[in-house]
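Q: Read off the chains here:
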Amino acid sequence: MSHNTLVEIRNLSRFYGALQAVKDVSFSIRQGEVLGFLGPNGAGKTTTMQIISGNLAPSGGSVTIAGHDLLEDPRAAKSQIGYLPEQPPLYRELTVDEYLDYCAALNHVPRAQRVQARDNAKERCGLHGVGRRLIGNLSKGFQQRVGIAQAIIHLPPVVILDEPTVGLDPIQIREIRALIRELGKEHGVILSTHILPEVQATCDHVQIINKGELVLNESIEGLEHHMKAASLTVAFRHPPAQETLEKLPGVKSVRPETDGRLHVFHEAEQNPTDTILRLAMENSWGLYEIRPGRLSLEQVFLELTMDAAADDAQAHAPAITAELSS
Amino acid sequence: MILTVALREFKSLFLSPLAWSILAVVQLILGFLFLSRLEVFQLYQPQLMAMDSAPGLTEIVLPDLLGNAAVILLLIVPLLTMRLVAEERRNRTLALLFSAPLSMTEIVLGKYLGILLFLLVLLGMIALMPLSLLAGASLDLGLMASGFLGLALLLAGFAAVGLFMSTLTQYTTVAAISSFGALLLFWILDWSGQGTAGGNWLAYLSLFNHYKPFLEGVFDSADAAYHVLLIVTFLVLSIRRLDADRLGG
Numbered sequence: 000m001s002h003n004t005l006v007e008i009r010n011l012s013r014f015y016g017a018l019q020a021v022k023d024v025s026f027s028i029r030q031g032e033v034l035g036f037l038g039p040n041g042a043g044k045t046t047t048m049q050i051i052s053g054n055l056a057p058s059g060g061s062v063t064i065a066g067h068d069l070l071e072d073p074r075a076a077k078s079q080i081g082y083l084p085e086q087p088p089l090y091r092e093l094t095v096d097e098y099l100d101y102c103a104a105l106n107h108v109p110r111a112q113r114v115q116a117r118d119n120a121k122e123r124c125g126l127h128g129v130g131r132r133l134i135g136n137l138s139k140g141f142q143q144r145v146g147i148a149q150a151i152i153h154l155p156p157v158v159i160l161d162e163p164t165v166g167l168d169p170i171q172i173r174e175i176r177a178l179i180r181e182l183g184k185e186h187g188v189i190l191s192t193h194i195l196p197e198v199q200a201t202c203d204h205v206q207i208i209n210k211g212e213l214v215l216n217e218s219i220e221g222l223e224h225h226m227k228a229a230s231l232t233v234a235f236r237h238p239p240a241q242e243t244l245e246k247l248p249g250v251k252s253v254r255p256e257t258d259g260r261l262h263v264f265h266e267a268e269q270n271p272t273d274t275i276l277r278l279a280m281e282n283s284w285g286l287y288e289i290r291p292g293r294l295s296l297e298q299v300f301l302e303l304t305m306d307a308a309a310d311d312a313q314a315h316a317p318a319i320t321a322e323l324s325s
Numbered sequence: 000m001i002l003t004v005a006l007r008e009f010k011s012l013f014l015s016p017l018a019w020s021i022l023a024v025v026q027l028i029l030g031f032l033f034l035s036r037l038e039v040f041q042l043y044q045p046q047l048m049a050m051d052s053a054p055g056l057t058e059i060v061l062p063d064l065l066g067n068a069a070v071i072l073l074l075i076v077p078l079l080t081m082r083l084v085a086e087e088r089r090n091r092t093l094a095l096l097f098s099a100p101l102s103m104t105e106i107v108l109g110k111y112l113g114i115l116l117f118l119l120v121l122l123g124m125i126a127l128m129p130l131s132l133l134a135g136a137s138l139d140l141g142l143m144a145s146g147f148l149g150l151a152l153l154l155a156g157f158a159a160v161g162l163f164m165s166t167l168t169q170y171t172t173v174a175a176i177s178s179f180g181a182l183l184l185f186w187i188l189d190w191s192g193q194g195t196a197g198g199n200w201l202a203y204l205s206l207f208n209h210y211k212p213f214l215e216g217v218f219d220s221a222d223a224a225y226h227v228l229l230i231v232t233f234l235v236l237s238i239r240r241l242d243a244d245r246l247g248g
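Line by line, the protein sequences are chains A and B.
Numbering-wise (numbering that gives the first Met the number 0), the first sequence opens with residue 0 and increments by one.
Numbering-wise (numbering that gives the first Met the number 0), the second sequence opens with residue 0 and increments by one.
Calculated from the structure, these hints are not laboratory results.
A couple of the hints might just be wrong.
[Stated by the list, open to error] Partial list, computed: chain A residues near chain B (C-beta under 7 Å):
1) Phe14
2) Leu18
3) Ser52
4) Gly53
5) Lys77
6) Pro84
7) Pro88
8) Glu92
9) Asn106
10) Val108
[Said to hold, decoys possible] Simulated restraints on C-beta separations:
11) B:Val231 to A:Gln112: 33 to 41 Å
12) B:Leu246 to A:Asp23: 52 to 60 Å
13) B:Val231 to A:Pro109: 27 to 35 Å
14) A:Asn136 to B:Ser20: 16 to 24 Å
15) A:Gly130 to B:Ala224: 45 to 53 Å
16) B:Ala151 to A:Pro109: 31 to 39 Å
17) A:Asn136 to B:Leu17: 50 to 58 Å
Yeah, the Cβ is synthetic: ideal placement off N, Cα and C, and Gly gets one too.
Extracted from the complex, chain B is given alone in its bound form:
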């Protein structure tokens, strides 16, 4: 049942030009960044060769690429998630799901899974770029796996926050703006209280601080747990919010 909703959501995304244009724009920008980073590598390759334990190709290209991808997707994911519930509420199509024999949990998880599928496609397309280097160079596949796992967790968190914001309103733009705002806030939390002892817990909450280790090839289960907790929290909030729709009217 969850899968039915998810597949419908996934297919519907591709019925509008939105999904296509997002895929195209993200690919174009990241492609440009990827190539420029590659250029840097080529420029410094002679010097790197001379150094002991110099950073390899993967270490130079990948963290930078994924770091940029995270920032760009921070802008993009709210545009994907904004319509999830808000648009259905506006078009009064939620009644179809509410009167079908489905629980709220199934509706929310279905919609979430639909977005995850799309983000997976996006992730796959991004992964193709560094993978293309395999044709002529060797890559640190472990670092790559860790980096993409981090990005996947991050995007799943973005989507959960976006989904929740979409359940709050019937205006898609409001949903987009507020999820963008929330995500950006989560991202820059570590800017506050730097240097002071009391401000550290804020920095701990920052999404960015839990993403960076993945890019360095460090898989810390605490970081993964942070993302999972974030996802679960916002999914539960979304379910509660939709339930309140029925109660409050």
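If we strip away everything but chain A, and leave its shape as in the complex, we get:
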């Protein structure tokens, strides 16, 4: 796996009239990397991706794809990307094969290699057996796969996927995620989503964008570190007094949750799990649950997107939580 930079974005900004949708965003993607692009609705994810894919001109800043400037040499730059927009650009009246052949031709795949390119893309996206069916008659999941096949048919170094798993069933979501991971081995992949576990499942690198600004740009390991907040969630049938727990070595504070669970915050180096387990046995507190209280990505996300305008983020929060639990 080499690590040459595929996409370099510098000081990108974009106005819609007076509204600035993207503010001074800079980042880069290397080969063999899956970049997760996270943000609440309307944060500027899609705008950024449309700019990188050449569908939208930036108001300022530069985009370089595999060494070609998107504005100065759009043709060379665009031949290096495959793009799946939010809504897959499918011609419903064509069959899958016809459509993929057309996409291959549009992307300058030589005539002699088109059949092979098409078969290859179909193979990778699990489209065998639907080649002769009309796209309009396929299920949403299959249409989404055709959309991805379209984006990778010319084996571009950079693949941009805008919310690729929206509207799919859980099995399909798993397959698509596996496919994205697979793509990430050879290509550079940019993946936008507002489904947080998706990022944890597929990405190497995470970026959170809020109101057009990048608020986090972190590798997934760095993020893990972010999330390993020192806390435990415990639940007892006969809970001891809160002070008993607070006095344990290493425990900083104890916060009761509404559902009867207790949230124990401790020093990072001194994990009180063993002590709590022992005491629970000795005093028959009836311990029935204990787990490390990792800060979920959701919490990191909320923390980061909240401080700009607290009430605004509050409005988003229930929606995101609802999405997670669904």
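Fit chain B to the given chain A structure using the hints.
A: Only chain B this time, still in chain A's reference frame:
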């Protein structure tokens, strides 16, 4: 690359019943008009024989047929061009073309060429009718060539205007209505200012006035230039409009 887009456009036309029904309807109506004109010719043939330098078969049948064809196609072409860009915009498939390594010019020319191919088929089918007379009569092939060249240029102009109107909107019906309106306006411009000296330039802009000479067998390069200018103008406008899509969002 232009050809790829054009062929796709051309084939897609035939995937919907629209192209077939247009071909059928146009052929039916023009066939009827053609036959009725032929009947007129047969009716007056004895008198014509007696006249000196009487108009021939081609002169009686063809200008009338092509004149009617132009009016009918004025109604039909907007229906063909309306979906070119408007439908893609509505279905969000434009992103496929925009993110492919294609310039706006290639996209516009490709789509335009696709429609031209279809119009060529239509033209060929119309031409078959007078050509069928060759079986039993002799035709003025020069007049025919000039007439069909005029019709071809006219249709190319219709298509360019229709393409531009289609880039303006995402509603196919709006595109159809506005290109129909624009074409009709171009057609009837010469109705205004007739007789007054100042109104003549309006009449000069009229499509009809640049079509009529072709039907009379007069090939004036100024007329051809008018059509070419019209086509180029609207194609450039279409390219500009699609570019603005990217800039404006």
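Q: Now tell me, hint by hint, if it's right for this structure.
A: The hints, checked one at a time:
The closest approach between the C-beta of Phe14 (chain A) and any C-beta of chain B is roughly 9 Å, which is over the 7 Å cut-off, so the hint fails. With its C-beta approaching chain B no nearer than about 11 Å, Leu18 (chain A) sits outside the 7 Å limit, and its interface hint is violated. Because the beta carbon of Ser52 (chain A) sits about 4 Å from the nearest beta carbon in chain B, less than 7 Å, this interface hint is met. Interface hint at Gly53 (chain A): satisfied, since its Cβ lies 6 Å from the closest Cβ of chain B, which is below the 7 Å cut-off.
With 7 Å as the threshold, the beta carbon of Lys77 (chain A) comes within range of chain B, its nearest partner Cβ sitting at about 4 Å, so the hint holds. With a least beta-carbon distance of about 4 Å to chain B, the hint placing Pro84 (chain A) at the interface is held under the 7 Å criterion. A distance limit of 7 Å between C-beta atoms decides the matter here; for Pro88 (chain A) the minimum to chain B is near 4 Å, and the interface restraint holds. Of the supplied interface hints, the one on Glu92 (chain A) holds, with its beta-carbon coming within about 5 Å of a beta-carbon of chain B, less than 7 Å.
For Asn106 (chain A), the shortest C-beta to C-beta distance to chain B is roughly 6 Å, which falls under 7 Å, so the interface hint holds. A cut of 7 Å between beta carbons decides the hint on Val108 (chain A): the least distance to chain B is about 11 Å, and the hint is violated. The hinted window of 33 to 41 Å between Val231 (chain B) and Gln112 (chain A) holds, with their beta carbons roughly 36 Å apart. The hinted window of 52 to 60 Å between Leu246 (chain B) and Asp23 (chain A) is violated, with their beta carbons roughly 20 Å apart.
With their beta carbons about 32 Å apart, Val231 (chain B) and Pro109 (chain A) fall inside the hinted range of 27 to 35 Å. About 23 Å separates the C-beta atoms of Asn136 (chain A) and Ser20 (chain B), a value consistent with the hinted range of 16 to 24 Å. The hinted window of 45 to 53 Å between Gly130 (chain A) and Ala224 (chain B) holds, with their beta carbons roughly 49 Å apart. A hinted range of 31 to 39 Å holds for the C-beta pair Ala151 (chain B) and Pro109 (chain A), which are about 34 Å apart.
For Asn136 (chain A) and Leu17 (chain B), the Cβ-Cβ distance of about 20 Å falls outside the hinted range of 50 to 58 Å, so the restraint is violated.
In this structure, the earlier hints numbered 1, 2, 10, 12 and 17 are contradicted, and the remaining ones agree with it.
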